[in-house]
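Visitor: Now for the letters of each chain:
6 protein chains.
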Amino acid sequence: MFTHKKELQYHATPERPDALMARRLQEILGGQWGEMSVMNMYLFQGWNARGNEKYKDLLLDTATEEIGHVEMIATMIAQLLDKAPLSAQEEAVESDPAIAAVMGGMNPQHAIVTGLGAAPRDSNGNPWTSNYIVSSGNILADMRMNVTAESQGRLQVARLYEMTEDKGIRDMLGFLLARDKQHQLQWIEAIKELEAKEGIVVPGTVPEKYEVSDVTHTLYNFSEGEDSKPVVDGKEAADGNDFKYIKNPEAMADKPVLKAPPAQLHSTPPEK
Amino acid sequence: MFTHKKELQYHATPERPDALMARRLQEILGGQWGEMSVMNMYLFQGWNARGNEKYKDLLLDTATEEIGHVEMIATMIAQLLDKAPLSAQEEAVESDPAIAAVMGGMNPQHAIVTGLGAAPRDSNGNPWTSNYIVSSGNILADMRMNVTAESQGRLQVARLYEMTEDKGIRDMLGFLLARDKQHQLQWIEAIKELEAKEGIVVPGTVPEKYEVSDVTHTLYNFSEGEDSKPVVDGKEAADGNDFKYIKNPEAMADKPVLKAPPAQLHSTPPEK
Amino acid sequence: MFTHKKELQYHATPERPDALMARRLQEILGGQWGEMSVMNMYLFQGWNARGNEKYKDLLLDTATEEIGHVEMIATMIAQLLDKAPLSAQEEAVESDPAIAAVMGGMNPQHAIVTGLGAAPRDSNGNPWTSNYIVSSGNILADMRMNVTAESQGRLQVARLYEMTEDKGIRDMLGFLLARDKQHQLQWIEAIKELEAKEGIVVPGTVPEKYEVSDVTHTLYNFSEGEDSKPVVDGKEAADGNDFKYIKNPEAMADKPVLKAPPAQLHSTPPEK
Amino acid sequence: MFTHKKELQYHATPERPDALMARRLQEILGGQWGEMSVMNMYLFQGWNARGNEKYKDLLLDTATEEIGHVEMIATMIAQLLDKAPLSAQEEAVESDPAIAAVMGGMNPQHAIVTGLGAAPRDSNGNPWTSNYIVSSGNILADMRMNVTAESQGRLQVARLYEMTEDKGIRDMLGFLLARDKQHQLQWIEAIKELEAKEGIVVPGTVPEKYEVSDVTHTLYNFSEGEDSKPVVDGKEAADGNDFKYIKNPEAMADKPVLKAPPAQLHSTPPEK
Amino acid sequence: MFTHKKELQYHATPERPDALMARRLQEILGGQWGEMSVMNMYLFQGWNARGNEKYKDLLLDTATEEIGHVEMIATMIAQLLDKAPLSAQEEAVESDPAIAAVMGGMNPQHAIVTGLGAAPRDSNGNPWTSNYIVSSGNILADMRMNVTAESQGRLQVARLYEMTEDKGIRDMLGFLLARDKQHQLQWIEAIKELEAKEGIVVPGTVPEKYEVSDVTHTLYNFSEGEDSKPVVDGKEAADGNDFKYIKNPEAMADKPVLKAPPAQLHSTPPEK
Amino acid sequence: MFTHKKELQYHATPERPDALMARRLQEILGGQWGEMSVMNMYLFQGWNARGNEKYKDLLLDTATEEIGHVEMIATMIAQLLDKAPLSAQEEAVESDPAIAAVMGGMNPQHAIVTGLGAAPRDSNGNPWTSNYIVSSGNILADMRMNVTAESQGRLQVARLYEMTEDKGIRDMLGFLLARDKQHQLQWIEAIKELEAKEGIVVPGTVPEKYEVSDVTHTLYNFSEGEDSKPVVDGKEAADGNDFKYIKNPEAMADKPVLKAPPAQLHSTPPEK
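Chains as they are written, first to last, in the numbering used here: chain B, 3 to 274; chain D, 3 to 274; chain H, 3 to 274; chain S, 3 to 274; chain C, 3 to 274; chain V, 3 to 274.
None of these hints come from the bench; they were simulated from the model.
Possibly wrong hints are sitting among the right ones.
Repeated chains share a single entry, so a pair holds when one copy, or any two copies, can fit it.
[Stated by the list, open to error] The calculated BS3-like cross-link candidates involving lysine-lysine, where the alpha carbons are at most 30 Å apart (straight line), are: (1) Lys-231 to Lys-169; (2) Lys-169 to Lys-237; (3) Lys-7 to Lys-246; (4) Lys-85 to Lys-231; (5) Lys-85 to Lys-246; (6) Lys-7 to Lys-85; (7) Lys-85 to Lys-261.
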């Protein structure tokens, strides 16, 4: 069960309106790696956790914080959209290249659909979709996704920081840079613990006999040239075994031949 | 530029048809974490790499191998669909619960749309979409996604392995278990190298002054109770700083108040 | 800013596992009219509200409750998936039609992808998408969507209630039936207030001179026969004007003729 | 069965080309609340109606009119795209901010994909999807969606009207403003009739004993502060019962604890 | 402008309910190649046609017929859903494998969402999307898509015909088989006319000097082995030139090297 | 199994950066008719082919070439994005309309998400989806799709060619124009062979008795006026039968009446 406070976790007020930045900030709100993604992903991972209470709680703590981050960015976007140019007939558009750029570059749905409000969409107007997230039941696999999400997310925040000199936007983005650092670090901490218990390869519970054994630590060089060789050659893998390198990989099976289709499918029959 | 050999990288022939397993195997072909995802993701990351030739080549080596994995699973599915029950009027459906389960559970598009062929879709028939993948230009961020993809993918392969006793399916899945292990290990190797150069937090190039400084290593306890505390409390984070823990987080900003909308948007005006 | 309590708002424990009902309950979790939709819709409407504090707060109160409803249903689904049949080779499938039905009818992603956890998807496995929701800046327009969402949602809950005799599921659904009733009634209350101020037709701010005036209260009978006539004929519309009825509507404009395409588009040139 | 007349229902000719407005008008053609949505929604509701011939006919009358509205807007868009700037090298782009805005802001698919034709997409190029519509079998629930669609749609038309001074566009939009008014009013009329028969809460057929009884007319204040209280406090709900208000809602159930996952799923086992 | 007749173009009544066939028939209603696709595709192609009145009219004639086909299939599906088993607790499910198959295999949204009505979705419940269709402004290109759509569609109808022995379903499908034949033939007729005018290669207006000339009629053998050779070897192409065959294709350009990324993107810098 | 060469099949280097063209070229990379579509479509058709080795090989030859085309266009886009304007505060934006157009018109995800890399998306940022492709098991039906894809694709390449004067872009597009010509011609060749064997109407295996016989070669004139008549009137169809023309088509079935819904669905009961 959740409760809401009317105050924001952190400041989210720009110095001045900027409809282009409003469009761009949609990426970290409703894009693949935006706050809606981490919020929903951590919620589902937390709710689905089966008996690892400290991770379950950590996931729900962080998910709950992320709802507040969506709130902050939505609030920022709504304010950046104040005074957005709504008509190409406005005088300024016809004489000022910078305003023309805003006119051309702003998201038309910010005017037509949301009435200068934030949308649950990315910077190109794609709807947020749960295709972006995962909750698998294997916490180590999911923690790797979580640290990925915080890495990709923080990268986007850093890029947006460089795209503006507005002190209000930068203050909020600086807060997100800091929080995404913490979130990366806490998921890395959890990964360290889990790898210590379950091993480095996910899932750690697969018996070795399941695997085709002689292809487990081998890099096949499927491109001409050997640029990739130094990444693994002569090194010990993180699970303690040595990497091998195969310069010219061979096919291990024959050419497949499929059976003829049954007549009632009206497919092309095989040539004789 | 690419070339094709008609032989498969590894065996992909089931002992006997099984339309239910055909449906399930679609998950690792065209699902979020299936082979189409890693194939396309590594291709784009490789093509977009700007001057890190060993990683670029490693990505394209592995991408090229993955095209061959899509080929293997597609071939397996086509064979599992041989003899699929096409009509509920077939005698067997009316008397045999196991065949009734197949009739009910098989993917109808395997008969109607693909004519007993594999589809670029997941086990529920959702189309594959590039929403599943990322290529960001930050190789460390992307390598984290890659190790995630191989972890989630291998987890699904392991689950499918347990769902069948067909030796042919298990042989192919055992090959994939082994290759996904290698791919996890090679991406982990790359991550180790990159973290050594760029630091543990992505992106490593953000100046500290960008960040709101006092919130970088703090876990806010947004859920009642303190189950999550032991994950970080009293520990040093992977970047060498100490974690802090705030039991009752406070809002750092005021309640936001938005400006009234302009009249030409025909939104609800604020109450006075 | 939000906070989380570990307790659920209401009971969410089934009497016994039932993987078919787990699949069906996904509809009210991650479907078009599920709890994820109302949760996200009310959040965005609340955050985007410009100066109508009582509605803004009501939206955020209700949104916050809905996060807890997603939590309840997710928890219910995870428990319904305990003991789900994972392999068609299990003995029971081969002899028991009811288990065969479960085998055929359960969502394969509940086993392969989520590891017996709830997914942010509907009963056919379609991902939740923000295409389902709206926040327009016109509160009356949005309140009409909200009462729609609670009507469609409650309808689905009622249908699910009839599909099971499990007392635990019914208890949770009975709670949702009651809450959806309240939510319908509170949005209807808001609609009454807003219509009193702004008029019955949305948006109420459009000057009459914008409209092509003689077609505002007319039902055109575009189907043969006059079955629809009694709905409006001889009645006063809710805005106080009389409905008109046109039995055989005429075209008011000519056949359109488009200009030839420019050559550099390589379109088919018009025939001479 | 349907037939087509070559004439348009109403005028759809702009004074002059305007590729930016062409992009914007896509929203009311192929967006969430565009004419494709109401056309398809009313068609499906009409076809699925089980024995309420006057509503069935009204739905099909209106659906049939809407096909003609899609036709009008598509025709308008094609004409607005005449003379669209196709190349950034055109002289005008380099000197005229207004043309630069068009160049930057127009939909590139209008040139590359459709050859200056309308697309079944919204103003950001998102494909139309049947996720936008509903046909539930409960006519009152659906009529509420219909009045929503006409409200959101008319709101967007009004906003577009303000964005241009082109008399031809405004004439067509003025026609749509008038028709959307009629459609709102006729669905409201149907709602009045249906509520009189079935009650205000949808679905009206749910026995009271299904509901958890003491939570049916209660507003839970899940946000701090009591701004929302006046919407319901001391009022009678539309179904004749009194609203209640709970300032500090309590959890009614315990913290959920999920069972450990079965080993063959290779999920993280619970900590001991 | 359109008008509607209440009678169906052709019979659409099954002998008896069959919820599995209802699910399968959704494919030809709302699937990639279903009637919604051809209806919407021909409408847009017709509306966008610039000055080829006979094709424009042919497209709109056929589009208008297709609206009636959607109507027929929707009506058929609604009737096939009568008496669908709604609860796994029903006695029949527990004893009868055929009913168990229906229970497992039916679309749960047919009960929960549409109330035994047709949905604008395919046989796996995927929403119809305008991604399925095209209107390009080049009528020959589009006519090729149209003949494809009628070919894929008729193929699916033929497969469905084989899956049932219900005389009512077969009668309707037999009608569609006949109409899809006509539609294939009429589009082929148009293609013949257009190819005679514009040449066999689309678009016919591209000057030869645009093309890299020595690769226009060459099959590159990118797979080992020469199975594909006989398709073109020693033959004259449809445009009157001779095919060539290259057994071992060579790369014509160098390995690409991309520039380093700018610092403000925080991407991985190139290794030195 | 596949292998990769580091060299490109053909040159893909622009004369100078152009972020607007980068956005536009995404259409032929990741759009409906882009290279990702033909690559994936030919791969799946090849893998699913059941015993027509020459076509299977031709499909895989061409698919393998197309992977290299995706590579070329991705490489081109990455280079066009060099020096893209990242901030509206840059001086040039404020004074130069052409740069303002680029600022407004470029894809923001090219900066924020991909770090100046190509994306698996179209020119409006829509993700690539397997909804774009088909593999049906009927090779003639699929070859018709393939010639469509090469026609639509070549049309888009031709349009893009006209939109730029950059010699490097034009060189690459000229190569694609030539290859798309070849691919059209080779699929046309295959179609000729298959039609000779299987007949002109797909699928050719449907017994005539399945069809409702008197509607197979008839054009119904569902639009007023007879513009479409000359396309078929008095002509022999490609299958050797004569076309018929019906000026005023009649309904062949009655108005449908659906049964009342069962009570447990809580739908609207029929009026008496």
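Visitor: Can you list which hints this structure breaks, lowest number first?
Guide: 1, 2, 4, 5
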